[in-house]
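K.L.:
Sequence:
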Amino acid sequence: METKPTADEREPWVRRLRDGQAPPVLRIVTALLVLSATGALTLWLEALHPEWVRRTHGDGGRGSSIVFVPLVLLLCGMVGAVVAWLVSRQDRRTLQRIREAGVDVAFHLPVATTSTMAAEQFAEPEPVIWTVDDVGLHGWGPDHRGPVHELPWAKTRRIDVATRRWRGQDADYGIRIDTDHGHVVLEPRSGLCRPSRAGQDGLAVLTRVLRALRDRAAPLPGAGGATGDTPLGAPAAPTG
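Sequential numbering of the sequence shown, starting at 1155, is according to the working numbering.
These are computed hints drawn from the structure, not numbers from a lab. Please note: incorrect hints may appear among the correct ones.
[As the list claims (entries may be wrong)] Label-pair restraints from in silico Cβ distances:
1) 1267 <-> 1335: 13 to 23 Å
2) 1320 <-> 1230: 19 to 29 Å
3) 1173 <-> 1195: 12 to 22 Å
4) 1203 <-> 1159: 32 to 42 Å
5) 1318 <-> 1199: 28 to 38 Å
6) 1230 <-> 1257: 30 to 40 Å
7) 1247 <-> 1222: 29 to 39 Å
8) 1322 <-> 1202: 14 to 24 Å
9) 1177 <-> 1236: 26 to 36 Å
10) 1173 <-> 1229: 29 to 39 Å
11) 1191 <-> 1257: 38 to 48 Å
12) 1184 <-> 1318: 27 to 37 Å
13) 1230 <-> 1260: 22 to 32 Å
14) 1370 <-> 1194: 51 to 61 Å
Even glycine gets a Cβ: it sits at the ideal position worked out from N, Cα and C.
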């Protein structure tokens, strides 16, 4: 795939996905723990000075909200820090598996494990990172030495942003890949080692990047029976 990169592929965050760069998670975990500590400190101060809380905010709804907000900060900060650390650990293990396999990777696409196949969830094991090359997409997990799912370009017919109804409005939530066997909806995350989902703008960029990679991929002679031509939703051969 030695071609001039598109404008989307020159974006810094897209280049990091291309290169498989795992950003440090310590800064995010630290920020979330500070948020949690702020909530805990606020609750402690309120417990020491209940009269001040009643005097300042009265006995109405505002009095209950001043207790509720720091409690939310405490819980969200703790849960967020744990989730961020677990996702980072999972992605780093998966990236290590990819590097050990020695495969040529043009792009890395981290996804949520709720990604669906023809309206059903992927069979276990679920991919957490998809790699892209001239053959297609390969789904990897942290506990296997090779891909656990395959989506060959030879069977891919269309790549588009996936949309669903949410509170009466259309909302983009993933990337839909139509194949000869059905369709897959991948739900990309905002980056490697990041638990948050990609936003609407990010989904549009990632969709265009996948289309560009597919369009420049070399044609596969005799697609039927080609290496990696696994039917939609069928796991790759067990490797670990």
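K.L.:
Confirm or reject each hint.
P.N.:
Now for the hints, and whether the structure bears them out:
Checked against the given bound of 13 to 23 Å, the beta carbons of residue 1267 and residue 1335, roughly 21 Å apart, stay inside it. Distance hint check for residue 1320 and residue 1230: the Cβ-Cβ separation is about 22 Å, which falls inside the suggested range of 19 to 29 Å. The hinted range of 12 to 22 Å is not satisfied by residue 1173 and residue 1195, whose Cβ atoms lie roughly 40 Å apart. Between residue 1203 and residue 1159, the C-beta spacing of about 58 Å breaks the proposed range 32 to 42 Å.
Between residue 1318 and residue 1199, the C-beta spacing of about 44 Å breaks the proposed range 28 to 38 Å. Residue 1230 and residue 1257 have their C-beta atoms about 38 Å apart, which keeps the hinted 30 to 40 Å range intact. Residue 1247 and residue 1222 have their C-beta atoms about 38 Å apart, which keeps the hinted 29 to 39 Å range intact. Checking the proposed 14 to 24 Å range against residue 1322 and residue 1202 shows it is violated: the Cβ atoms sit about 46 Å from each other.
Between residue 1177 and residue 1236 the beta carbons are some 18 Å apart, a value that contradicts the proposed interval 26 to 36 Å. Remark: the range hint 29 to 39 Å for residue 1173 to residue 1229 is upheld by a beta-carbon distance near 36 Å. A beta carbon spacing of about 43 Å between residue 1191 and residue 1257 agrees with the range 38 to 48 Å that was offered as a hint. In this structure, residue 1184 and residue 1318 meet the distance hint of 27 to 37 Å, their C-beta atoms being roughly 35 Å apart.
For residue 1230 paired with residue 1260, a C-beta distance near 37 Å fails the hint of 22 to 32 Å. Checked against the hint of 51 to 61 Å, the pair residue 1370 and residue 1194 passes, with Cβ atoms roughly 52 Å apart.
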